[in-house]
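So the protein lines, in turn, are chains C and D.
0 is the number of the first residue of the first sequence in numbering that gives the first Met the number 0; add one for each residue after it.
0 is the number of the first residue of the second sequence in numbering that gives the first Met the number 0; add one for each residue after it.
Read the hints as simulated data drawn from the structure, not as lab findings.
Take the hints with a grain of salt, since some may be wrong.
[To be verified] Below 16 Å or equal to it, Euclidean Cα-Cα: the simulated EDC-like pairs (lysine to aspartate or glutamate) are:
no.	chain 1	residue 1	chain 2	residue 2
1	D	Lys80	D	Asp101
2	C	Lys28	D	Asp58
3	C	Lys28	D	Glu90
4	C	Lys28	D	Asp89
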Amino acid sequence: MPSNRTTWVLLAYRLPREPSTPRSALWRKLRRLGAAQVLDGLAALPLDARNREQLEWLAEEVAQAGGEATIWVGELTSAAQERELAVRMAETVAADYRALIADAAAAREDPPGQRRRTLGRLRRELRRIRARDFFPPPERELAQQAVEELAVLVEEPVQ
Amino acid sequence: MRWATRRHCHVDRAACAWLIRRFIDPEAEFVFVDDPDEVPADSTPFDMRGAELSHHGGDCSFETFLHRYELADPVLWEIGKIVHEADLADERYDAPEAPGLDVILRGLSMVRDDEELLALSGPLFDGLYEYRKRALLLGREPA
Numbered sequence: 000m001p002s003n004r005t006t007w008v009l010l011a012y013r014l015p016r017e018p019s020t021p022r023s024a025l026w027r028k029l030r031r032l033g034a035a036q037v038l039d040g041l042a043a044l045p046l047d048a049r050n051r052e053q054l055e056w057l058a059e060e061v062a063q064a065g066g067e068a069t070i071w072v073g074e075l076t077s078a079a080q081e082r083e084l085a086v087r088m089a090e091t092v093a094a095d096y097r098a099l100i101a102d103a104a105a106a107r108e109d110p111p112g113q114r115r116r117t118l119g120r121l122r123r124e125l126r127r128i129r130a131r132d133f134f135p136p137p138e139r140e141l142a143q144q145a146v147e148e149l150a151v152l153v154e155e156p157v158q
Numbered sequence: 000m001r002w003a004t005r006r007h008c009h010v011d012r013a014a015c016a017w018l019i020r021r022f023i024d025p026e027a028e029f030v031f032v033d034d035p036d037e038v039p040a041d042s043t044p045f046d047m048r049g050a051e052l053s054h055h056g057g058d059c060s061f062e063t064f065l066h067r068y069e070l071a072d073p074v075l076w077e078i079g080k081i082v083h084e085a086d087l088a089d090e091r092y093d094a095p096e097a098p099g100l101d102v103i104l105r106g107l108s109m110v111r112d113d114e115e116l117l118a119l120s121g122p123l124f125d126g127l128y129e130y131r132k133r134a135l136l137l138g139r140e141p142a
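In isolation and in its complexed conformation, chain D is listed as follows (with noise of 0.2 Å):
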């Protein structure tokens, strides 16, 4: 399947880009671009105005994918509150890795165009998802 997004991706976009090849769509192609006008009539948009996955009651757009797949791993709920944070930074919840998270994701897509953000950033969020699934197992902080 075809999904298309804003150029330019910062933490939500990367985050849902992932969450789609991971857990959605193994085979899924990204399409960027500027305008909600130039999606792709066969590619479905996410995290653009307009758009149904998108930014929904204070929602960013991975929760959105969350409550919309209806992805109940609890794993991907605790990733949502980072990205949140990560994204809007309106302390709906407690989150000390977003500001982290925000810088590194800024300072990618700094010197790295979309493409490779999401190919860098894909382990990124498969290593965070495993270390707080291992912190949900564990009950604390795993090393």
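For reference, chain C alone in the conformation it holds in the complex (with noise of 0.2 Å):
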């Protein structure tokens, strides 16, 4: 049957409790990919070259520190559970883009040398979230908004 589901890649991991250390760095790692957490010790991103690969990564991290772990490949059955993970991964990534949004309204009253180099550090960032939106919110937009206006700010010759 063809399907316009969503294909996911998935990491099926136990860790050890103690120590904490690789715990906690495969958690850093999975929400700098942009993962969902379906449950504890299961990860999801959508299936593609790049995040399989990097799971691939994160489940021989977890062997090398003890633990095991498996990559998996599949769909979610119910298209309704498929849009709620979906919106849930959407609202993740929109509340990095408005605390950006946050950042970029904050910099227009910096100094101009400061407000410089917080356009870089937020056009960085900006690029970190896309990398991790796969869903992307409205937020995406006006974040992007946000840093272009901080940038022709920048921009203006002094008076």
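With the hints in hand, could you dock these two chains into one complex?
Structure follows, in structure tokens:
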């Protein structure tokens, strides 16, 4: 049966409770990739070559830390549950975009030199968020605009 | 010697293949497989799960090669930082070249097969090596 569902790549893992360092490192890496935590020990990303490879490396790290990990490729059978998952992932990045928009607004009041440095930082941050944004929320456009407006302000010649 | 890695090479594998040919085994032949189980018995696997020459302790495979073969050339370690960030983007290093290198190799991998990708990216890494070498000698960006 043809399907227009998202295909997911999943990391199923179990890590010892202690030491907690590999746990928090894994959590940070999953968050940077934009993975959804489906359950404790099950993280999902839309399937593409990069996401699959990144999860495979994390599986390797789990094994090296004395845990167990397997990589799965699959689909949700329920369209409603797939929408819920996508909405949850979109909400997570939307919050990141909103924080960036607030930073861009605050930077408008900064002295020019500091404003320029903040612009560089926010551009990098925007790129990082976009790399983990698989279901773009409206905040994505707004964040892009906020950074571009700040760029215009930085480029304005000194009177 | 024969070396085996996963099909559909990206930046880390392309950089490793260049490193192998230029610094480890000039006669290297590469085999591309879909699964670690398909690695031919007479070949050395790299950049795949379970291989010795792969990601370790947060290092990418290129960095693992530098450790294992005790390649002390500081230019190679500079390239290692760029490859690490292009592959993993975990901000362990400051490597502004990385996002560009990632895009160039990812794009190349969309229009060329693995053999051609390695053939084309070889001179790219030769150039990167020469540039970083001159930068190191000069103490600033060369031109």
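Evaluated hints:
1. Lys80(D) / Asp101(D): Answer holds: lysine 80(D) to aspartate 101(D) is near 13 Å, not above 16 Å.
2. Lys28(C) / Asp58(D): This hinted pair holds, its Cα atoms lying about 14 Å apart.
3. Lys28(C) / Glu90(D): holds, 11 Å
4. Lys28(C) / Asp89(D): holds, 8 Å
No hint from the list above goes unmet by this structure.
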